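All chains should be built: construct the whole structure from the sequences, respecting the hints.
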Amino acid sequence: MKKLLSPDPAKIEPLPHEPTHDRAPDSIAEGTPQWLKKDLIGLLGEEQVLYKALDLIRYATDASPYRMIPKVVVTPATEEQVLAIFNYSREKQIPVTIRASGSSLSGQAQGDGILLDARKHWAGATVEAAGKQLRVRPGTIMFRANLALRPYGYRLGPDPASGSVASIGGVVANNSSGMCCGTAQNSYKTISSLSFMLPSGTRINTADPDAEAQFLRAEPALCEGLREIKAEIEADTALSARIVKKFSIKNTTGYHMGAFLDGKTPLEIFRRLMVGSEGTLGFISEVVFDTVPDDPHRLTAFLIFPDMYSACAAVAPFIKAGAMAVELSDRASLHAVEGKPGVPDRWKAFDSNATGLLVEFRVATPELLLIAEKAANDILLTLPLLETGSFTKDPKLAAQFWTVRNGLLPSVGGTRPSGTSLILEDVCFPPERLAEGAVDLQQLIARHGYKGYVFGHASAGNLHFLVTPSFNSAEELQRFDTFLRDVIELVVGKYDGSLKAEHGTGRNIAPFVEHEWGPKLTGLMWKLKRLADPDGILGPGVLLSNDPESHLQHLHTIPTVENEVDRCIECGYCEPVCPSRNLSTTPRQRIALRREMLRQPKGSPVTAALLQEYEYSAIETCAGDGSCEIACPLDINTGILMKEFRSMEHTRKAEQIALKLAKNWGTVEKVMRGALSLNAATQTILSGLPAKGLTALARTVVSEDLMPAWIPNIPHPAKTKLPATGKAGAAAVYFTACVNRIFGASRGEKQEMTLAEAMVTLSDRAGLPVWIPEDLSGNCCATVWHSKGYVEGNTYMANQVVESMWRWSDEGRLPVVCDASSCTFGITSEILHYLTPENLEKHKKMTLLDSIAWAHDHLLPRLQIKKKTGATVIHAVCSTQHLNLAGKLLTIAQKVSETAYNPIHSTCCAFAGDRGFLHPELTHDATQEVVAEIKDKHFDQYISSNRTCEIGMNLATGQDYKSVIFLLEEATR
-7 MKKLLSPDPA KIEPLPHEPT HDRAPDSIAE GTPQWLKKDL IGLLGEEQVL
43 YKALDLIRYA TDASPYRMIP KVVVTPATEE QVLAIFNYSR EKQIPVTIRA
93 SGSSLSGQAQ GDGILLDARK HWAGATVEAA GKQLRVRPGT IMFRANLALR
143 PYGYRLGPDP ASGSVASIGG VVANNSSGMC CGTAQNSYKT ISSLSFMLPS
193 GTRINTADPD AEAQFLRAEP ALCEGLREIK AEIEADTALS ARIVKKFSIK
243 NTTGYHMGAF LDGKTPLEIF RRLMVGSEGT LGFISEVVFD TVPDDPHRLT
293 AFLIFPDMYS ACAAVAPFIK AGAMAVELSD RASLHAVEGK PGVPDRWKAF
343 DSNATGLLVE FRVATPELLL IAEKAANDIL LTLPLLETGS FTKDPKLAAQ
393 FWTVRNGLLP SVGGTRPSGT SLILEDVCFP PERLAEGAVD LQQLIARHGY
443 KGYVFGHASA GNLHFLVTPS FNSAEELQRF DTFLRDVIEL VVGKYDGSLK
493 AEHGTGRNIA PFVEHEWGPK LTGLMWKLKR LADPDGILGP GVLLSNDPES
543 HLQHLHTIPT VENEVDRCIE CGYCEPVCPS RNLSTTPRQR IALRREMLRQ
593 PKGSPVTAAL LQEYEYSAIE TCAGDGSCEI ACPLDINTGI LMKEFRSMEH
643 TRKAEQIALK LAKNWGTVEK VMRGALSLNA ATQTILSGLP AKGLTALART
693 VVSEDLMPAW IPNIPHPAKT KLPATGKAGA AAVYFTACVN RIFGASRGEK
743 QEMTLAEAMV TLSDRAGLPV WIPEDLSGNC CATVWHSKGY VEGNTYMANQ
793 VVESMWRWSD EGRLPVVCDA SSCTFGITSE ILHYLTPENL EKHKKMTLLD
843 SIAWAHDHLL PRLQIKKKTG ATVIHAVCST QHLNLAGKLL TIAQKVSETA
893 YNPIHSTCCA FAGDRGFLHP ELTHDATQEV VAEIKDKHFD QYISSNRTCE
943 IGMNLATGQD YKSVIFLLEE ATR
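Numbering-wise, the working numbering puts 451 at position 459 of the sequence shown, and it's gapless, one number per residue.
Honestly, the hints are just simulated from the structure, not real lab data. Being a predicted model, the structure only gives us computed values, none of them experimental. Check the hints yourself; a few may be wrong.
[Stated by the list, open to error] Under the rule of at most 25 Å between Cα atoms (straight-line distance), these lysine-lysine pairs were calculated in the DSS-like manner:
hint, residue 1, residue 2
1, Lys44, Lys238
2, Lys3, Lys652
3, Lys3, Lys645
4, Lys112, Lys929
5, Lys887, Lys927
6, Lys519, Lys237
7, Lys332, Lys385
8, Lys858, Lys836
9, Lys388, Lys366
10, Lys443, Lys340
11, Lys521, Lys256
12, Lys521, Lys486
13, Lys84, Lys521
14, Lys222, Lys237
15, Lys181, Lys222
16, Lys63, Lys84
17, Lys63, Lys3
18, Lys332, Lys836
[As the list claims (entries may be wrong)] Have a look at the derived ranges for each label pair, beta carbon to beta carbon:
hint, residue 1, residue 2, range
19, Thr384, Lys652, 34 to 44 Å
20, Thr839, Lys594, 30 to 40 Å
21, His13, Asp527, 26 to 36 Å
22, Asp627, Asp802, 33 to 43 Å
23, Lys645, Asp932, 24 to 34 Å
24, Gly740, Ser769, 21 to 31 Å
25, Tyr144, His13, 47 to 57 Å
From the three backbone atoms N, C-alpha and C, an ideal C-beta is built for every residue, glycine too.
See below:
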């Protein structure tokens, strides 16, 4: 039976279009073959096996131009489950590809057999030796690992620009480096020990005192083979010298055969070989890094040179003077970031040869900073710059420079023509020949008719170049092949550089490993692979390939999709912050699935299967909070598209009901407070059973995306009566949000005053009284309708609230303060598109403030902190990130607490207004990591700034989260 007001997925079926050659076959509509699904569920349990069509296609995409559809996706939670997968793979001869974050740029995270997710259940980090070491699991995101180290003054050596999405497993497996680490601080040089599992099932922790003996007993043939390879390399002095020379610069082409020269014993050799092996030798379950000092004193400059030669000539003097990073950007790259924060408008006037260098010095003490500053300024005097250059000590300005640099890849990718792919290659020239190599590279790109971009780590001779080909025809594939072969001849033939410097070999360079290393050493790499993985089950084709054209296979098209998301390059930066990342789909996956629908012909069974699964997994479980927009370098908010889809699926009847609710919102507020009173009464007497039963029954009849579920921590109703205030002498209008007019204190918690009473008292105390309008009831920020895609209700309420605020504020004379951050974001940003021209002009003339900004900027300077609380933990809701208020929330907490803790894993709680009532499982999954982080810590206060988010965090943690205004009021009494 179809539930009442259920959405109709057919309404979002793509309009007629041309299918593509690389579309998923019809058989994918059935998902994983039944026999394989049954076998793996029997081995691992159903929760660890993803087998639907939607699952297979969403995991077929990573940050590379390749796409391979797996037969099944598994998410093992333990080493025992990994072992079971390896054993099954050997028995059935189905290859396994290991994937972590899927941020690989060369297809390493792709496979058409069993895809093993090493992210979901494999996160966690422990700081050891006072920060000098970090024990970390492969699914941990790089930036979170560094956040754990920050209080100790250390960081990890590898520093890839993709650190906000890349996982430790991927960084180690690819020996990724980055802006500062060069070859001295990469994973190969800074890993102290690691734990790994071979395809045979052998498990070794290299830190164990008897690890060498364990390895010899368990893998005698592998150990003997490693000795043989070592002896053969050492006997060939020319080959040994070549290995040393090649690895003196960045190089991740093939296996790191320098391990046979650097390691003395089989295990010492193999531990090093695991770094950069791209998941083809074994599974890494834990790594211990020796960390490096995170020197706090910094000088940063973004310098503009007239051409590539003059920019590259400046690299060596800066490096000699001690610069930690020298990053190069050609004119095309600079053009791609124009308009970004921190990018001056004057850059638009530079000619086509202009080249940028981002230079940074990092030192441990102020005294060393003075020395570095003198050296840097002396060099500046010798440079032929297009504009006056200077070094800054301002961390905010430096952060803007780095934001521009770190966002180069996605920003460049976002400027590609619709329907084209993104190819990023990664090469290394001898540093002394960098300028020649860079200019040759630019000319080669132009000769093949591509609009190319060259940027990278000039300090190491490591350049990235980006082109945007189309793979819709055989001619385009041939053009790309010719181009790539010319690049290979340039880098290796002319400069003897590295075909891959830090991104791992991947599927696009696997056929050319021999071209760089020659037949002898490549043959020894194949021998190594057969020794460690005799059945060839791990990552076939990822690092070595006998097929000279394998780099042309599985290249995917990029169908044009809706404007809101068409620029997406599938980099995955959005995924670590997405609330539904562990439950259903991520923004990248939502877009990838939509693109697959555009690959399919009309009447496709794959499209039909995807549409049915997309409804819950993509549309209903999108929190719509916009966290993805904050993380995305292209500012793509996938939630906007999901809301548009919700709107498309509405019936005319549903729109009319939503509009009627908007027009009668004051009555709705009363009804909801009444329902909360009734719930409170039944909770006291009957433990909530009636409400739980009624809502469960209702959800069997009405769409679950409209009928809320019962949750055990539904709060008491708010007081009907608001505090008495007067407009005369008021410093601001106080718009207490409807969520605070409806929801009161948490169950079992007693509050001396309501939030409105606390705000009024606190403002009076600071000498800045606020006024609550008498006709406040019935006004709302419109998020209720906006989040569900009800256009008419949203439009009505958006215009009503602006007209009310215009009247209350005396046409903009008084600022308007809102006490719920998501509502503040609604009235400042989300309603703008729905306003009439007249109301948009009114909106521009008003000052709208969140309670955090009001408290931090206006009240706090006028108040005296008299009594601090003990330990406080904050939950900075996603709207505070949009409003740039998270830092101010933390500052207030620090002022009124002995200690204030901002969790490393704090992201959107996914309660998202009422989405947590509709899909409580979304909040549960979104908060798992932060709950685990804080559960064993003691806090006296749990604070936030949005009532529904506080309900969500109460549900997740069992703690009473409440507005920071309460804490500030108590501290200043």
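Checklist entry - When the hints from earlier in the document are held up against this structure, which numbers fail? => result Of the numbered hints, 1, 8, 12, 17, 19, 20, 23 do not hold.
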